[in-house]
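Chemist: Sequence:
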Amino acid sequence: MEAMLKHNEVERLIPQKAPFVMVDALFSFEENKLVAGFTVPYGNIFVTEGCFTEPGIIEHMAQSVALYTGYQYYLKNEPAPTGYIGSIKDVKVLTLPAVGDELVTKISVLQEFMGITLVDIVTLVNGNTIATSQMKTVLAK
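Numbered continuously in the working numbering, the sequence shown closes out at residue 147.
Since the hints were made in silico from the structure, they are not lab data.
Remember, it's a predicted structure, so these values are computed and weren't measured experimentally.
A couple of the hints might just be wrong.
Said to hold, decoys possible - Okay, derived cross-link-like pairs now, DSBU-like style, lysine-lysine, Cα gap no bigger than 30 Å in a straight line:
1) K147 with K39
2) K23 with K147
3) K98 with K142
4) K142 with K112
5) K23 with K98
Claimed, not checked - Restraint ranges, calculated between C-beta atoms of paired labels, are given here:
6) N134 with K39: 16 to 26 Å
7) M120 with C57: 37 to 47 Å
8) C57 with L81: 33 to 43 Å
Ideal Cβ placement from N, Cα and C applies to all residues, glycine included.
With the hints as constraints, model all of the structure from the sequences given.
Modeler: Below is the structure:
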């Protein structure tokens, strides 16, 4: 899958900075949808025994949502706002990806109102679902 934006371009659209960046590609964006990616590097702070752990997957999901918001603001030529995870529910991690695996995460916006965004998230590796969740994010005032 070809990325619309990569590494440094993506990093400018999210509030997190290295070494805490867990998204490195924007594959597609449309109203209420985004597909983001992350290739798990050796030495990542969430890698243990060659696997990207659950907290890393959840952080990747949250940063994918941040990228959705950041890209919306980028299109309006405005600086990306800071946001926070309001809630996470129904997290299912089926498989831990290995170092070198590329995560492809699909965000589907269910509801967006007054700076609160509710999304369904599916993360895949090689076309196989490895994790799912529902997340609510809130923009800082």
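Chemist: All hints, please: hold or fail.
Modeler: Verification of the supplied hints:
1. K147 with K39: Holds, at roughly 24 Å.
2. K23 with K147: Between K23 and K147 the Cα gap is close to 20 Å, so the pair holds against 30 Å.
3. K98 with K142: Holds, at roughly 16 Å.
4. K142 with K112: holds (15 Å)
5. K23 with K98: holds (26 Å)
6. N134 with K39: 16 to 26 Å: For K39 against N134, whose Cβ atoms are near 20 Å apart, the range 16 to 26 Å holds.
7. M120 with C57: 37 to 47 Å: Holds - the Cβ-Cβ distance for M120 and C57, about 38 Å, lies within 37 to 47 Å.
8. C57 with L81: 33 to 43 Å: holds (36 Å)
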